[in-house]
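Undergrad: Taking the hints into account, I'd like the entire structure generated from these sequences.
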Amino acid sequence: MEKEQDRGVGRYICRCAWQSLKQKLFQSVLLGCFAALVAFLVFAGTLLGSSMESGIGRMKERLGADLMIVPHGQQGKTEKLLLTGNPEFSYLDRDLEQVAANTKGVKKTTSQFYFSSVSADCCSTRVQLIAFDPGTDFAVLPWINQEEMKKTKKGQVLIGADVIAQGDHTIRFYGEKHPVAGKLSRTATGLDQSVFMTRDTMNKILEDAKKKGFHFLSPKDKGKVSAVLIKAEEGANLDKIETSLLKKATAKGDKIDIVSTQKVIGTVSAQYEFFRKGIRFLQILFILTSSLVLFLIFSFSYRERKKEFAVLRIVGVTTGRIRVMTCTQGGMISLIGGLIGLLTGALVLFPFRVLISDSLQVPMITPAAVTIAFVALMALVLTVLLGVAAADIAIRTLGRAETYFTLREGEA
Amino acid sequence: MKTRLLRGAVFILLGLVASLGIATVFHVCPAMKDMVMKCYWTGRVSIAVGIGIILVGILTIFAKKKAFADGLSVAAILLGIELILLPTLLIGVCPGAHMHCHTATRPALIITGALTVIYGGFSILWKRNKIEE
Amino acid sequence: MLIRAKNLVKNYEREGVSHRVVDQVNFTMDSGEFVIVKGSSGSGKTTLLNLLTGILKPSGGSVFFEGDDLKKMDDGKLSEIRNHRISYIPQNDTLLSNLNLWDNLRLPFFLGKGGDLKEGELNERLKVLLEEFGLSDRKCSYPRELSGGEIRRALIIRSLSLSPDLIIADEPTGSLDPLTTLTVMEKFRRIAKEGIAVLAVSHQPETFPFGDRLYEMKEGRLLPAKVFTNKK
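Protein chains in written order, with our numbering: chain W, 1 to 412; chain L, 1 to 133; chain D, 1 to 232.
Treat the hints as calculated values from the structure; they're not laboratory data. Remember, it's a predicted structure, so these values are computed and weren't measured experimentally. Incorrect hints may have been included.
Unchecked claim - Pairwise CB distance ranges, derived in the manner of DEER restraints:
id, chain 1, residue 1, chain 2, residue 2, range
1, W, Q23, D, E186, 27 to 37 Å
2, W, N102, L, A23, 57 to 67 Å
3, L, P30, W, L347, 53 to 63 Å
4, W, P142, L, L16, 48 to 58 Å
5, L, A23, W, T289, 30 to 40 Å
6, W, Q23, D, E131, 26 to 36 Å
7, W, A346, D, K72, 54 to 64 Å
8, W, I284, D, H203, 56 to 66 Å
9, W, A161, L, P30, 20 to 30 Å
10, W, W18, L, L5, 55 to 65 Å
As the list claims (entries may be wrong) - For lysine to any residue, the following SDA-like pairs were computed, each having C-alpha atoms within a straight-line distance of at most 20 Å:
id, chain 1, residue 1, chain 2, residue 2
11, D, K118, W, R11
12, D, K118, W, V9
13, D, K77, W, I322
14, L, K2, W, L21
15, D, K193, D, E33
16, D, K118, W, Y12
17, W, K306, D, E33
18, W, K307, D, G174
19, W, K24, D, I157
Yeah, the Cβ is synthetic: ideal placement off N, Cα and C, and Gly gets one too.
TA: As structure tokens, then:
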């Protein structure tokens, strides 16, 4: 006897399944929608969680400092700076850096000066300018190479991932062009919207601003800093360092706040955990609901197709083959729905990634293409298996009645 | 009739996203006292284009002849291309990566435009065996 | 002996009460015989046919096909028999509405075991049968586009497609005009002459003389009615 594959049995079954789907279009669309929903939630939900996890991981790496001394009342604004890059600040005495360096448990210190400006190249958004000390810095330097570092000493600037430079690789502040030495990789924090330079370059910009009639620094703020960054020793107690610094500053007559970057990360991580649990809950809820709905729709559909199944039994089709046919149909509609769900997920997640990240206030880094492909495949396989399983369980449940597959006298 | 209704409804939905969507959820940066950014003009034109696509959708519902319906689909495709070009080449949006027009308006217009072009093409290529009464 | 029913019984439970639908039926048929069963609605004819084809399992007694008890066969073996040994034409239209005529005719071949036929051989056979039954130009039509008579003829073609040993037809001329009725019965007569056994259920008296033997189904019992010697 000819082998089944030579007879084109598979093709025939697929054609029958496709014709059945077309015949009951409303039911097919409904089934497809639920399959699309499952695929969408699994794909988009998993990638969203993964992006957030990567973003937080990168944030932990790039923040560099363990603690930051900032002027009193600036704690909230500094956290905002780290997360969103919206700059608002005032200044500290520079000698606080030495005070911090002499505190027990402190390994390294460096100071930074923050300033915001309107760049003619960056439309009307305010760009955060960060001046760092190349001699002591440990927050920016690890992320730039030697060449770029040399260039910063010559008045060139480094721009964050979201800052736009002109075509000739310069950026303009108050009428003066400043060459861009390089672009830092994405941090998914407010630092992506910052421009980094040495204090000398910053002072030049302030002078240029003054010439244009913008007086940003009052004479009393000359030589001051915006923040002192602290890197603690391995195993040091950050709370103790914080307490000690506050005491010393108070004794000096300085009013300061101390920002723990771990706490900032902790807040973001807590938010991420909340979303992650929410996403996971939604995924499980919809998978269970969709499974039930798919099963019910298939059951209803098979009851309507009682005559069709009876005909198949009459012409000698085994119950096993009927199961193959119904599962093929279930798999087909789940595959189509799944692909639509994946496409929708991609259309929502990738183009609107920044909007989602800004709205949720959680940093997000797009996963690698391989990860995306793997998650997509996993979501599609799960969706198809769900459809096939629902169809199979439905036909097996209905097929238990002996008379289910018979045609009674006079039955249409 | 059902097919025509469905075909027109898809265009109407896409037009609503481009017009109502841009006016609400996917809004551009608000005009300031002394400065109007280019995204403002992108938004204004997009709303007009969106209304155009809605009109195409309404006319499609009443288009009995395939030739007429195909002509409307071509119009929709051109409007879709315009939606894609508005925030990219024609006018543009603010370059700031975290500005709302950049994160929301731009992708929304590009996606809506692309979907309009794809669906318009699909409408033309879809074979209709009978001329509907 | 091709098929034999021995003390066949079938009971159904309805609202806790057992009803005997087929009552101690004994029956045999050989190849080439044309047997007609008459009976009123509800007499158990269709249940008897379902038992003879193995679709239903008897409550008592057995059905033997070429000596093998259908009751003892598994689903695979039974399906194989129904696929290309016993062809059953039910009373109602049993063409699948989502397939055209051509695909409907090839259904037993593709979805069942298909017998010893190859696809090419089947297609040739079907073309000849379509020509013979006047349906060649209806190959691509869907069942909703066919008349009652065309559907009946299509079902006969399907039943012949895999060269069965026995054809069982439930009211094959039920909704047909007198001319078509005679045509269909003539064809069954010819099929039987070619060696295929035919068992038909009919309530139309004009069809009775076409058979070799006539039985009557009455309240679940199969009673011999007449043996015809003048065959039309």
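Undergrad: Which of the numbered hints above does this structure break?
TA: Result: hints 3, 10, 17 and 19 break, sorted rising.
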